[in-house]
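A.B. asks: With the hints as extra help, turn the sequences into a complete structure.
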Amino acid sequence: MARKRRPAAETKAEILDAAQEQLVQHGPAELRLDVIAAEVGISRQAILHHFGDREGLMREVVSQAWLGLFRDLSELSEAEPDELIGRIDEVTRTRGNARLGAWLLLSNTGLPEEVFTGALAHLPEKLAPGEDPREARYKLLLVGAALFGDAIFGQRLRQAIGLPDSEEDRKDFQAWMGGQLE
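Position one of the sequence shown corresponds to residue 0 (numbering that gives the first Met the number 0), numbered consecutively onward.
In case anyone wonders, no lab produced these hints; they're calculated from the structure. It should be emphasised that the depicted structure is a prediction, and the values quoted were computed from it without experimental measurement.
Have a look at the derived ranges for each label pair, beta carbon to beta carbon:
hint, residue 1, residue 2, range
1, H121, F152, 23 to 33 Å
2, A159, Q179, 17 to 27 Å
3, E29, A7, 18 to 28 Å
4, E54, E124, 33 to 43 Å
5, L180, E20, 29 to 39 Å
6, Q154, Q179, 16 to 26 Å
7, A7, L141, 36 to 46 Å
8, Q179, A12, 38 to 48 Å
9, Q179, R155, 16 to 26 Å
10, L162, A12, 33 to 43 Å
Capping the alpha-carbon separation at 27 Å, the derived lysine-lysine pairs in DSSO-like fashion look like this:
hint, residue 1, residue 2
11, K170, K125
12, K138, K125
13, K170, K138
Cβ coordinates follow ideal geometry from the N, Cα and C atoms, glycine included.
C.D. replies: The structure is reproduced here in C-alpha cells:
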C-alpha cells in the first residue's frame with residue numbers, strides 16, 4: 000500500500016513533536032530516528048530529508064524546546080500571585096520542561112548563550128510591580144530553582160529525607176514555599 004503524502008510542514012512538525020517527547024522521556028542519548036519514524040508513520044529517510052542528520056534534528060528540537068520553555072515562562076506574568084507557584088510547577092514538571100532542560104544542558108546540545116541572556120528579564124517586574132527588582136528576581140530564582148529541582152529529582156530526594164511523595168505532598172510543599180516568600 001502506498002503511503003499517503005502529507006504536507007512537508009505537517010510532517011516536519013510531527014517529527015519534532017515525536018522527537019521532543021522522546022527527549023523528555025529518555026534523554027538525548029536515546030533519541031532514535033527509527034523510533035521517531037515508526038511513531039510518525041514515515042521512513043527514516045524522510046527524517047533525514049527534513050533535518051539532514053540526527054544532529055540537525057537535535058538542533059531543531061533543542062531550539063524549539065528552549066523557545067517553548069521561554070514562552071511558557073513568559074506567560075507566568077499573566078498569573079495571579081496566588082497561582083504563580085502552581086503555574087511554575089505546571090510549566091516545569093507537568094509539561095516535562097524541567098527534565099528536557101536538564102537533559103539538554105547536560106548534553107551540551109543547545110543554543111548559544113546569547114539566547115538565554117535576558118530572555119525572562121521582564122518577568123520579575125510583571126510579577127511584582129513596585130517591588131525592589133533585585134528582590135523580585137531573587138524570589139523568582141528561588142521558586143524556579145526549587146520547582147525545577149523538584150520536577151527533576153524531588154521524588155528521590157523525598158525518599159532520601161523520609162517525606163512521602165504524592166501529588167498532595169507536592170502541593171503542600173508548594174504552599175509552604177509560597178508562605179516563605181510572603
